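Colleague: Given chain A, put chains B, C and D in place with the hints provided.
Chains as they are written, first to last, in the numbering used here: chain A, 1285 to 1372; chain B, 1285 to 1372; chain C, 1285 to 1372; chain D, 1285 to 1372.
Everything labelled a hint here was simulated from the structure, so no lab data went into it.
Certain hints may be false.
One copy or two, either will do: identical chains are not told apart, so a pair holds if it fits within one copy or between any two.
[Claimed, not checked] 30 Å max Cα-Cα, derived DSS-like pairs, lysine-lysine: (1) K1333 / K1315; (2) K1322 / K1295; (3) K1295 / K1315.
Note that the structure is a prediction, hence the values are computed from the model and not measured.
Spelled out, the chains give:
Number of protein chains: 4
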Amino acid sequence: MEDTTRQDVLKRLNYIEGHLGGVRRMIEEDKYCPEVLKQTFAIRRAIEKMEALILDGHLHTCVASGIRDGREDEVINELMELYDLANR
Amino acid sequence: MEDTTRQDVLKRLNYIEGHLGGVRRMIEEDKYCPEVLKQTFAIRRAIEKMEALILDGHLHTCVASGIRDGREDEVINELMELYDLANR
Amino acid sequence: MEDTTRQDVLKRLNYIEGHLGGVRRMIEEDKYCPEVLKQTFAIRRAIEKMEALILDGHLHTCVASGIRDGREDEVINELMELYDLANR
Amino acid sequence: MEDTTRQDVLKRLNYIEGHLGGVRRMIEEDKYCPEVLKQTFAIRRAIEKMEALILDGHLHTCVASGIRDGREDEVINELMELYDLANR
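Chain A extracted, bound-state conformation (with noise of 0.2 Å):
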């Protein structure tokens, strides 16, 4: 990972780890679970976005060295992999 995309997707996991405390802040406190979840929808929202980052990451750099190198079936398997995991 280049270095200002770290800095980036740290950023952005901070954000997540503040905002995921919230949440637990609102739960302590008995709020109205409707709330809760429309936060917890916010949180995951924002993991897919740090995962787009880290996704745009890996295109620039390996996955496009590896198909300059000629191990396109390899990286392409692993996206594709991911691509699964990411639709369960």
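Modeller: Below, chains B, C and D without anything else, positioned relative to chain A:
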């Protein structure tokens, strides 16, 4: 939320926070991106399981009593709003 | 399902079938894959909207009457089973 | 798209169209909504599998050759745009 549900939700939240800390270390140690992504996918799945628990509790308490009290449209519209949000 | 809901669901089904026929033509004519994928994503979204309509109807009829009739656990367990399936 | 991929994609499309016809009959015959929803979930899953096939083909053809030809930014940006769309 009932006490047993809240205990269970908080336990899962602890697990999710620990898992997220593991992802932070992976990124700081520059682990291979597909390995990081597999962990963030697992975290999102764990959040979804926690949401299912919260939703199940909500249905058994607020939704059931709302329907019994004649506030059917109110609680169902709220559920459908959550459904749309969950599917973005 | 109430009649107005069924009419609406069948109308959406017509649209989805037509859209799928368009995807078939794109594939037969060897259109650019990302363009095909944009259309299949739109079809999945249209199916989700149709599902929301069916779910909304189900909540207002079977779930509401089930809760009023004291079969709360039965109808809620069924909902949670659907929820798990929808999220795989 | 290569010929073997296209044949496979069209075969899956046939299956999806048949499955959708089954859902239409269920709705016309007023089947129980949760049963209908289980089928529409299965159809969305079948579309996702078809999409995986199309994506895999795209990665092995256009993306791999684009990266070899120095059009890395173009093909990766297009992939990330698809990724965002798939996650809405």
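Colleague: Given a CA cutoff of 30 Å, do K1295 and K1315 count as a within-copy pair, a between-copy pair, both, or neither?
Modeller: Both, since 28 Å and 17 Å are each at most 30 Å.
Colleague: Reference check for the pair K1333 and K1315, CA-CA at most 30 Å: within, between, both, or neither?
Modeller: both (27 Å within a copy, 19 Å between copies)
Colleague: Measure nothing new, just compare the shortest in-copy and cross-copy C-alpha distances for K1322 and K1295 to 30 Å and report within, between, both or neither.
Modeller: Both, since 22 Å and 20 Å are each at most 30 Å.
In the structure shown, no violation is registered for any of the earlier numbered hints.
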